[in-house]
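S.K.: The residues making up each chain are set out below.
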Amino acid sequence: MIRKMPPKENFDVSAFLSKDKIIKSKESGLFKGLNTPSIVLFKKTLFKDIFTIPKVSISIILMIFLPLLAILMVPSSFILEDETLLNFIGITYVEYTPCIMFPIILTVIGAPLIAEELKSRTMLTLISKPISRGEILVTKYLALTCFGLVINFTSLSLITLTALWKYPFEGIGEFFIVNFLFSLVVQFFFQTLAIGFSSLVRKTRNALLFPLLLIIITFFVLMTFRPLFLYMQLGNSEDPIYVQFQLYHYDLGYHLFNVYIGIMEITSVKVPENMMFFFAIMGIYTQSYNEDTWESIFTRNDYYSPLGSLILLFAIALGIMLLGYFIFRRRDISR
Amino acid sequence: MDNLNLTLSQPDNFRDAYIWTENLTKIYGNGKKKTVAVNGIDLIMTPGVHGFLGPNGAGKTSTINMLIGAISITEGVAYLKGEKAGTKEARKFIGFLPQDPAFYEKMTGIEYLVYLARLNSISKEVAKQRALNLLEFFDMNGDKDRKIKTYSMGMKQKIGIAAGLIHNPELLILDEPTSNLDPLVRKKIIDYVRKLSSEMSIFISSHVLSEVEQMCDRVTIINKGKIVLTDTVRNVKNWFSKSTNLYVINTNSNETLLPILKELELITNAWIDEKEHEIYINTSDIDQFQKEIPKLVVEKGLTLKSFYQPESTLQDVFLEVINDEDDKENAP
Chain R
1 MIRKMPPKEN
11 FDVSAFLSKD
21 KIIKSKESGL
31 FKGLNTPSIV
41 LFKKTLFKDI
51 FTIPKVSISI
61 ILMIFLPLLA
71 ILMVPSSFIL
81 EDETLLNFIG
91 ITYVEYTPCI
101 MFPIILTVIG
111 APLIAEELKS
121 RTMLTLISKP
131 ISRGEILVTK
141 YLALTCFGLV
151 INFTSLSLIT
161 LTALWKYPFE
171 GIGEFFIVNF
181 LFSLVVQFFF
191 QTLAIGFSSL
201 VRKTRNALLF
211 PLLLIIITFF
221 VLMTFRPLFL
231 YMQLGNSEDP
241 IYVQFQLYHY
251 DLGYHLFNVY
261 IGIMEITSVK
271 VPENMMFFFA
281 IMGIYTQSYN
291 EDTWESIFTR
301 NDYYSPLGSL
311 ILLFAIALGI
321 MLLGYFIFRR
331 RDISR
Chain U
1 MDNLNLTLSQ
11 PDNFRDAYIW
21 TENLTKIYGN
31 GKKKTVAVNG
41 IDLIMTPGVH
51 GFLGPNGAGK
61 TSTINMLIGA
71 ISITEGVAYL
81 KGEKAGTKEA
91 RKFIGFLPQD
101 PAFYEKMTGI
111 EYLVYLARLN
121 SISKEVAKQR
131 ALNLLEFFDM
141 NGDKDRKIKT
151 YSMGMKQKIG
161 IAAGLIHNPE
171 LLILDEPTSN
181 LDPLVRKKII
191 DYVRKLSSEM
201 SIFISSHVLS
211 EVEQMCDRVT
221 IINKGKIVLT
231 DTVRNVKNWF
241 SKSTNLYVIN
251 TNSNETLLPI
261 LKELELITNA
271 WIDEKEHEIY
281 INTSDIDQFQ
291 KEIPKLVVEK
301 GLTLKSFYQP
311 ESTLQDVFLE
321 VINDEDDKEN
331 AP
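Those protein sequence lines, which keep their order, are chains R and U. Per the working numbering, the first sequence starts with residue 1, numbered consecutively. Per the working numbering, the second sequence starts with residue 1, numbered consecutively.
Don't read these hints as lab results, they were simulated from the structure. Idealized CB from N, CA, C, for every residue including glycine. Fair warning: there could be bad hints in the mix.
To spell it out: a stretch of chain U is covered by chain R in this simulated footprint if at least three of its residues, at any positions, have a beta carbon under 8 Å from a beta carbon of chain R; those stretches are [as the list claims (entries may be wrong)]:
{"hint": "1", "region": "70-81"}
{"hint": "2", "region": "87-100"}
{"hint": "3", "region": "114-121"}
Selected chain R positions facing chain U (Cβ under 8 Å, derived; list incomplete) [what the hints assert, rightly or not]:
{"hint": "4", "residue": "K44"}
{"hint": "5", "residue": "L124"}
{"hint": "6", "residue": "S128"}
{"hint": "7", "residue": "I131"}
{"hint": "8", "residue": "S334"}
Let the sequences and hints guide you as you build the complete structure.
M.R.: Okay, structure coming up:
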């Protein structure tokens, strides 16, 4: 081997290049025996990028703010004796926490996970290490899953415990179970979307833009206009626009709350009456009136079964994730 | 220029070479927007320090990015010590410093090195010890606990090279390691690379020729996506000197000798260098020239002070080779 320029100084270069120093994991604790690049990246993503004190605390505060306010502000004397927690706080909680705050938090935390590394070019260093792009994607996804589970469980627990402290509500357990299971579906859908878009696009702002737009359209714009489509008729059709044009196929809000009803059915939880009105606005029920008593009659719409909606949501999210994976796998990562 | 493509004695198969490519091609875009960045190169790197030279836009970074698997290969194959480029196995074997490297700026120097070591399955204790050793090697012990965002460009470059070394690679790939650095830091980086070259093989891309000359055993010159020359630095320079047939002669009266030389058939060109005041001569027949000229000087009653073939620099070769390629391309 030709060596033109021998080292000039006496520093022992070989001291840090000795091969016998590469030793496989001697980790302790939770990750004992696991020292693969994926685990290292998972720990870095979870504890350095996501699970920071400001991010966790702000997320939990945002998740619990409105439901907690509703619980604390209503005087105990206004609460009925056999009031269930689902009836008391159900709409406020479900509309605010799992449908608005949780998806926004998951998007804001999850969308930059891949896109930011692409933008800042640290991805070039990362992919020069013995870790595949698929592993990078899955690792980041799992880290976001852990974060979502923790803030979901913590915020729901805080709300439930505060409610229990405030008043001996009925059905504390059913409130927790139904909403936790529903939040899992919401989490799966939006975190998959966030990571999918994060790997689909190169810029963080674009990765944020698409999921946030979806949240705004579903839970703000459609909330306003859906009742119009549900009751307005066009031309000679007897069906409302929503049914005539089969808009429920494309209505994310409908599918999510169809799953919510499905969870209630599986857990044998009775839908509280005031939630019926909310579900009617979401297209789950059709509301009519008894002409004699003017009482509301809610008829369940059978556009989709809850399982059908769940499968559709999973298919959309997984489709975007897979598309993101294939594009990310083939993406040229350079300067 | 004739006989440009000098080749090394090549390894028997791709498993023996540190880098082995065949018809490696990278095309960006398609249709009218198609750009051929790398055009079917056959590159072989044996152990040692190998310079990869070329002007800006020649295809150096694209080639390196294909080798590490950052960009896809349009056509052809590339292997790193027998492992297909871009696979996890191939990446275990290399350390890499990208051009204008990016860092996790919120990490401290030591955190960054330990993190990258652990991405190579090195245990925490060993990673920390190796990081400390590397920081000492790069004279950065005092800055190990500072966040990378507070580092100067030179310090970042050093931490980038340290990051490439942290898992003890057999091959270190450096893409323009001295670009954007001031001369003092450049010199330091060159010194570090020279020290490291005694312990590992290094593949360096650069367009700073003097640096490559100082650091490398072998060199490959690439232009417009094609390899135009590859050999040892010494061979390249010797070959260039011979192929240009340039000699320098100095006597006590160069002005007297010059018209006499111009009369000779074997002299194709002769002139007095304004700065050195020596006669530069191009000859068509080296052997005849070497015999005749000293005799002629004595016959004319002059005193011969010096008579030698000037050593070419890599820069001379580079410019000649690149210009020659451009001339060929522009020829009708």
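S.K.: Each of the hints needs a verdict: does it hold here or not?
M.R.: Results for each hint:
1. 70-81: Result for this restraint: holds, n = 3.
2. 87-100: holds (count 9)
3. 114-121: holds (count 6)
4. K44: Holds. Min distance 6 Å.
5. L124: holds (5 Å)
6. S128: holds (4 Å)
7. I131: Since the shortest Cβ distance to chain U is 6 Å, the answer is holds.
8. S334: holds (5 Å)
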